[in-house]
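With the sequences and hints as input, model every part of the structure.
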Amino acid sequence: MELFIQQLINGLTLGSVYILVGIGLTLVFGILHIPNFAHGALYMLGGYVTFMGMTSLGLHYILAIILSMIVVALLAVLMERGVFHHLRNAPPIHDKIAAIGIMLFLEALVLLIWGSEYRNMNTPYGGTIKMASVTITTQRILIIAVSIAVVLILYWFLKKTMVGASIIAMAQNREGAFLVGINANKVAMMTFAISGALAAIAASLSTPINLLFPAMGHLVIMKAFIIVIIGGMGSIPGAIFGGFLLGITESLGATYISNDYKDLIAFFLLVIIMTWKPKGLFAKGVH
Amino acid sequence: MNKLINKRVGIILIIAFAIVFPLIADNQYFLRIMSLGFIYIIAIYGMNLLAGFTGYLSLAHAGFFAIGAYSLGIFTTKYEVSFWLAFVAAIVFTTVVGVVTGLIALRTREHFFAIYTLVVGYLIYLIIDKWDEMTGGVRGLIGIPVPDPIGPIEFNTDLSMYYLALFFVLIATVVVTRIVKSLTGRTFIAIRNSEDLAQTIGINTMTNKLTSFIISIVFAATAGALYASLTRFLGPDIANLPMVFDFLMYLIVGGLGTITGPIVGTMLIIWLSQFLQGLQEYRMLIFGPILTLLVIFYPSGIVGAFNILKMKFNNKRRLKAEAADESSEEQNQVKGG
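Keeping their order, the protein sequence lines are chains A and B.
Be aware that the first sequence starts at 0, since it is given in numbering that gives the first Met the number 0, and climbs by one per residue.
Be aware that the second sequence starts at 0, since it is given in numbering that gives the first Met the number 0, and climbs by one per residue.
Because the hints were derived from the structure by calculation, they are not lab data.
Be careful, since some hints might not be right.
Claimed, not checked - Cross-link-like lysine to any residue pairs, in silico, SDA-like; alpha carbons within 25 Å at most: (1) LYS261/A to GLU153/B; (2) LYS129/B to LEU263/A; (3) LYS129/B to ASN9/A; (4) LYS261/A to GLU132/B.
If you want it as structure tokens, here you go:
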């Protein structure tokens, strides 16, 4: 039983990270219809910026995360302005290729600057808390707490502020949004900035329990795509559901089935769901 | 007429160059690079048929390439099947896997298809990497034999492998050209341009998409099997993501949806990479932005850009000729008047 609860908490931690990455992906997809393959590279970069902020600049962990959020958000906006904006009328295949190009560039850049070695990120939250017979590291609690807080803030922002409402409007109906005078460029930049910042938070939170290396975005982005497809592209509640589902399945699967094949579980989950419902579990009826 | 002859002469010259290349470059290393290039071209033709002509970007292509290579390797080393039988069996096996995948994957569209195939490709990589008893895992699969002799032709030298690869690349080029120019090819293009419209005018899109997908897998499998017999060593990395991104790069640089694109792109990048060998790890610093910029400014790659330039030049010449005609007519009128 203890093992089960322990793994459940690990699953929630994992799920929280996937959710933060997935929401960024789903926002960009819902509004601009771009599957941002470069999102994994933004995630990876977020981890490196936080790491550098802590080691080179000597910042506190939290400050380093904020710095990383700003840097990655700016980079994401730059990506939108420099690349995706020019491709807004191109066939869908071009967006994907452009995104892959950016991803390859960012990975090579990180490899050039910081090398390919695996790094450890030490945070002030390395301690553990014991509850009954279950031991949890503070970092894991931080991950879950921050993720919930971020999702709540995001929800408030999208529902209660004017800028957030314009993002929702764009997602619901592009032409309609233009008709009532919503500035498409501003919304696009805003969405990319939010998505970049979320990726940076996710990476900064998860690196201390994992490791930092240039290819760390690969698996995460694929799993984020999976949860976004499970939850339906463009749907935030769907991404939250998918994230927890995947995180918990993976962590229980690793314990009770096989640790070697734990990454396979996620992919089989996708294959099964895609076979059953090609547009995802919660896809809206839009064509 | 004149143009037709020009084109034919060009093709003959290129083939002649490929045939005499081993005599000019008396270097085993160059021969191997060339052979490898030919093999990649075959794989990329498959990718091009699906992505360039049918509009479905499959990121599992390296995965199927690897299945082709590994099944040849496993059939010949583990089950000791004779080479050419294993060669055919490898292609058939990969195609069967491809049909099953295609039936599921093609239910999805556009971005979903790309993401789905990306995941399938990674799944193939993971399976090859983890299934130690069968694939040798990270240690790789060694001891793949050279092709059995066909009649008097033996395949135990780099030179003979070069001609074998050349033979297959020529067949691949002819097959692709025939497909693209046939009714089936035009149906693929119709689906690429608008799937809904294609469906409206009575095209069975699922059958056609599946046909295109299967042909593309056959190309990938053939290339994979050839790759296994050329390198005679297989590692799981040939199924991994960088491989499919390399394929994508060869295709985009050469020209998505063009017939000569895969040849131009592959050869150009393979030889460029030889000069940038010290930069192998960092090559994406250059090629990544090139990929993005090409898609923004020249979405049909070098070949597409060349065609546009040629068209512009011809147009200009025609306009000039017309203008000259008109002015000479005017002069005649003046004289006549």
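Against the structure, the hints:
Taking the CA atoms of LYS261/A and GLU153/B, the gap is about 46 Å. The hint is violated against a cut of 25 Å. For the given pair, LYS129/B sits about 10 Å from LEU263/A by alpha-carbon distance, which is consistent with the 25 Å threshold. As the CA atoms of LYS129/B and ASN9/A are separated by approximately 24 Å, the hinted pair is consistent with the 25 Å bound. The hinted pair formed by LYS261/A and GLU132/B meets the criterion: a straight-line CA distance of about 19 Å does not exceed 25 Å.
The structure shown violates just one earlier hint, number 1.
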